[in-house]
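Undergrad: Listed below are the residues making up each chain.
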Amino acid sequence: MMLDDNSPLVRIRDLQMHFPIYSGLFRRQTGAVKAVDGVSFDIQRGETLGLVGESGCGKSTCGRAVLRLYDITGGTVEIDGVEISQTSQSDLREMRPTMQMVFQDPQASLNPRMTVEAIIREPLDEHTKLSKDEKAAKVAELMDAVGLNRAFAKRYPHAFSGGQRQRIGIARALALNPKFIVCDEPIAALDVSIQAQVVNLLEDLQEQFGLTYLFISHDLSMVRHIANRIAVMYLGKVVELAPRGPLYDVPLHPYTRALLSAVPEPDPSKAQTRQRVVLQGDVPSPAKPPQGCNFCTRCPAVMDVCKRIDPTFQEVEPGRFVACHLYENHASETEKAEAHAKQQGS
Amino acid sequence: MPNGAQAVLDVQGLTTVFKTRGGEVHAVNDVSFDLKAGELLGVVGESGSGKSVTMMSLLGLLPSPPADVRAGTVTFEGQDLLDVSDDDLRRVRGGRIGFVFQDPMTSLNPVFTVGYQIMEPLRTHMGLTKQAARARAQELLELVGIPGAAQRLSDYPHQFSGGMRQRVMIAIALACDPKVLIADEPTTALDVTIQAQIIELMKELRDKLGMAVIWITHDLGVIAGIADRVMVMYGGQVVEQAPVKELFQNPQHPYTRALLTTIPKISEERARRLTIIEGQPPILSAAPTACSFRDRCDVAEPRCAQANPPRYDFGAGHDAACFVAKDAHDAG
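Residue numbers (the numbering used here), protein chains in the order written: chain A, 2 to 347; chain B, 424 to 755.
Looking at chain B on its own, in the form it has when it is part of the complex (with noise of 0.2 Å):
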């Protein structure tokens, strides 16, 4: 991992709040983390712990209302995004960073052809010409591999598969060469075998194009063989970061844990039985103001309920939320 490496991304303190007619719903808590040039960095947790929401958050995707980004700054290229105006930010979604979306199926438009779709990020951002847009659309279906590009940049959606509908999703993403690319559970409504081809391209072109990627997923599994480092959401907060092999090897924060012995491996024997995570996950209808893990948490203790646990840096880039576990790291 690119340790040293200069931050492309930094998010400071990102709070967003939705308001609804039931009250109001906190899902993104005091989110900090940045993102290293080149750098794959997995962020996982359950629906509804804020992952999403986070993204979209950061790049003003958030229809407002009901969302409020209350606080925070993220700053990409010297400016705080957060903080520019729609149209600068415009320039950014689509030409400097990308998104690929999760569903396929609903994020391209059926009514245009998909050499269409390639083309408007190039002709919007670049400026280029029908001309020149369409060479480069072909050229990107031929990176993505996709097999007779030059002829299916006239098809419409519904005539690629699913999987090749992602390839072309991260075709449109790459268009403008961005430097990070956010991709938010690419791979999820894909088949094992579509989304190991998947994961393979993903990672060619990363190293092919040196960007940076954040991947979001609840699959452990798919993080474990690609990321470079991990983040772990729950509750709208950041529970635990580590690089990838520590935070499986070494898992701090008590939800990590638990996380890590629910999924069943295939590679292991059958154990008698599964273990599970009792309760629910929680929805936050206020500031957290302790530990929101705490409920099914098997080590909870009372100060768990007092205050909310800051991240406690535990070395070696890994830090997690959890009072129990920094005693027990300081006591040896």
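Looking at chain A on its own, in the form it has when it is part of the complex (with noise of 0.2 Å):
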């Protein structure tokens, strides 16, 4: 099959995943999670698209729905011009080499009775028929690539520090040499200036090896430095999906802009004079998510359509995703107005 250089690498659409509640004394389904509820991207090749979103919507359930290590409930998972959505587990696996992960905690995500060199040799072992001496010479290219010290090849993971495990953990993921790459969280578990290494390691080889990451993250700023486009997700759906300096500098969607403001700034000066807002209560429940927009009940500019019905996600601007009221036409011009002035005000 022939495929244009420009096609994208990845191409979601309308992706759910689901999980059933059983309840009762016959374990009836009563009601179901609604994880990840019609989410559709695209990444470029050689791109990061950031994924951010709080604890709880869905945005790393997308990532891992997005190499299909669930099987989804709808929607169509494109990767490399191969439609995955429906492929059984073991013709998964053979697609695995191109399709890799990064997991969030170094430290459950390493066994801890492999050697560091067992632990990035494992992918070589299942998928390639390469001789003993080959894997011996990739497993210490990987790990030069990453920046371990390859004396340490017999050592155990519990004798390397977060920043280092983290490190093992994308040497694993290299050893394939993979196109698509999901972070799932890479560096929350690491301390700031450790978390600057493992960043700056993710874009060096991203440019030697021209990797594609989906890079899911809960810190802005760091995902304003990484990705080139970012995807916000609420309540399993994705709010507004954007070009990174666009997307920090106007935002459009209100909770993006609640987001955004709620960053701390590390600059006392700036701190003490920016316009915050403060979102008042928690996220719903995704099982009983409410009416209308998912965003409604916390919304500082909601309007009554918001609240009967849900908005589409469309392009507003070229590259400039959205789904909100206020960027359609459900509402009267008059009501728009009224609530982009309460969230000016806010």
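It should be emphasised that the hints constitute simulated quantities derived from the structure, not laboratory data. One should not assume that every hint holds.
[Unchecked claim] So these bits of chain B aren't anywhere near chain A, every CB distance computed over 12 Å: (1) D457; (2) P486; (3) D491; (4) T496; (5) R516; (6) C599; (7) D753.
[To be verified] Here are the simulated DSS-like pairs of lysine-lysine, each with C-alpha atoms no more than 30 Å apart in a straight line: (8) A/K308 with A/K289; (9) A/K155 with A/K180; (10) A/K343 with B/K626; (11) A/K130 with A/K155; (12) A/K271 with B/K668; (13) B/K626 with B/K668; (14) A/K271 with B/K553; (15) B/K688 with B/K668; (16) B/K749 with B/K688; (17) A/K136 with A/K155; (18) B/K459 with A/K271; (19) A/K271 with B/K688; (20) B/K668 with B/K631; (21) B/K749 with B/K459; (22) A/K343 with B/K631; (23) A/K136 with A/K180; (24) B/K631 with A/K271; (25) A/K271 with B/K626; (26) A/K343 with A/K308; (27) B/K668 with B/K749; (28) A/K343 with B/K688; (29) A/K180 with A/K139; (30) A/K133 with A/K155; (31) B/K459 with B/K553; (32) A/K271 with A/K308; (33) A/K308 with A/K337; (34) B/K668 with B/K459.
[Unchecked claim] For the chain A half of the interface with chain B, some residues (derived, Cβ under 7 Å), not all of them: (35) E55; (36) S194; (37) A197; (38) Q198; (39) V200; (40) N201.
Even for Gly, the Cβ is constructed at its ideal location relative to N, Cα and C.
Put the two chains together into one complex; each comes in its own frame, and the hints tell you how they fit.
TA: Structural data, given as structure tokens:
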């Protein structure tokens, strides 16, 4: 199959991942946690798409569903031109070399009984027919690439610090020359001075190997640094998707605004003058999302229509997508003006 | 900042050592600081820098063994907390000094109602009757902004969200009108929008109740928005201490400088690469005899390996433990 190089590497359409809730005497299904509920996006080759949101918004589930670590409820997932939403797990296994994952907790995602060498070699054992020597050479090469000392190959994970463990996880993900890597909060468990080391490493590797990342994080400052485009998730849905600059400079969705203004600014003179939107209340349960727009219970610019109709996710400017009635035609212009004013004033 | 204000808490030369099978770990080395009435002191450092252990040592919260508070004095309300009996210390903890822990999931007891847990310090420390304690507990829940306080008193911790649980923790810490509140990474386990709520709440409560707060965090952004004065810890020592604006505008210690450039700022366009601090934070198996940052420092000199720099005064309440910064400052 010929693929033109401008086609996106990853194409997700209306992705849904619902987890059933069973209750009662006969364990009947009584509902579903809609962890991911109709998410669509593309990731271009060589690009980093940042996926941000608060805990419980479904960003990790989304990342795992994209790699088909779950049997998804609905929607299509296309990676490098191959549709994999219904592919069986055994067929998927053969495709795993192109798509890999770096996990959040380097402590929990490395087997404590395996040496570093064995951990990095495992994908090679599973997927390639290389000889023992070739594998050893490849492992050494990978350790160099991620900045681990080759002399430590026979050591066990406990002998390494958090940042070094994350490097081991990255080396393992790189072993099979993947095209696409899902990084699920790869720096959340690390100290600030170590976070920068790992992020720089990920950027270097991207350049060196032409990788495409889906970078999942709740750290909006770091995402601004690493991602080309950013998708903001709230309660199972992407509410806004835009290139980095415009998203941070002029956020459109009220949730994005609130989220950005909640990020602490490491500069006291700015921190004291900055306008903050402090959202009231908590995120509703994804098992019982509100009627209409998911954000209507906490939105500072809520209108009547928001409580009835779920806004569609649409392109409002070239490359900028947003799901909000402020940018749709269901509400009258005066209503929208009032809502905008409320949002500014808050 | 209340500059001439009386210190409510004065810590001098605090030293804590853990005895482990692999030898000693010197977690806190000769830490001195004071806390003035009504002030919010931020304590910043990476994990392992000794910031939590310092606070736990001064309240006698560390199990001994393995912990051993070797030296120092902690003066609070005219007595040395390291020198009083366990019973007296218990009266101070949760009474005159409140503590909010990092993880609201694990620091509340899951088998007791929230109401019971708020009433506990009120009954033990203040000797209130059940009715009076209940009324006060309801008042406290309202104070920390939990809606439907009267009904929620009989709920269990699992029925609260993370942010609400942290509010409950704060209510417990505030129960007996503490003079000092120590908050150990109170927002680290929370999402940014919930973190913003808790920060606003703490500012409001401090103004309303006039207590002094020690806020431990690794997030310089949080510190910038809330603290009056900041203390930076590294390798179990205080390496720099200054009023918040001064620290961010004029950092002296190379570690503080590096820390401030490592973090990407949300309001700034992307730098091509993040600056990094090479290497790992130290684990001290003996009391430091040299600067503990020298291996990662880009201005280190031979003398940094020969002696541990004392905290030099830079004027305006600013001090930093660095030979090189001191010389540069003196030179002009």
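Undergrad: Hint by hint, where does the structure go against what was stated? Just the numbers, ascending.
TA: 14, 31, 32
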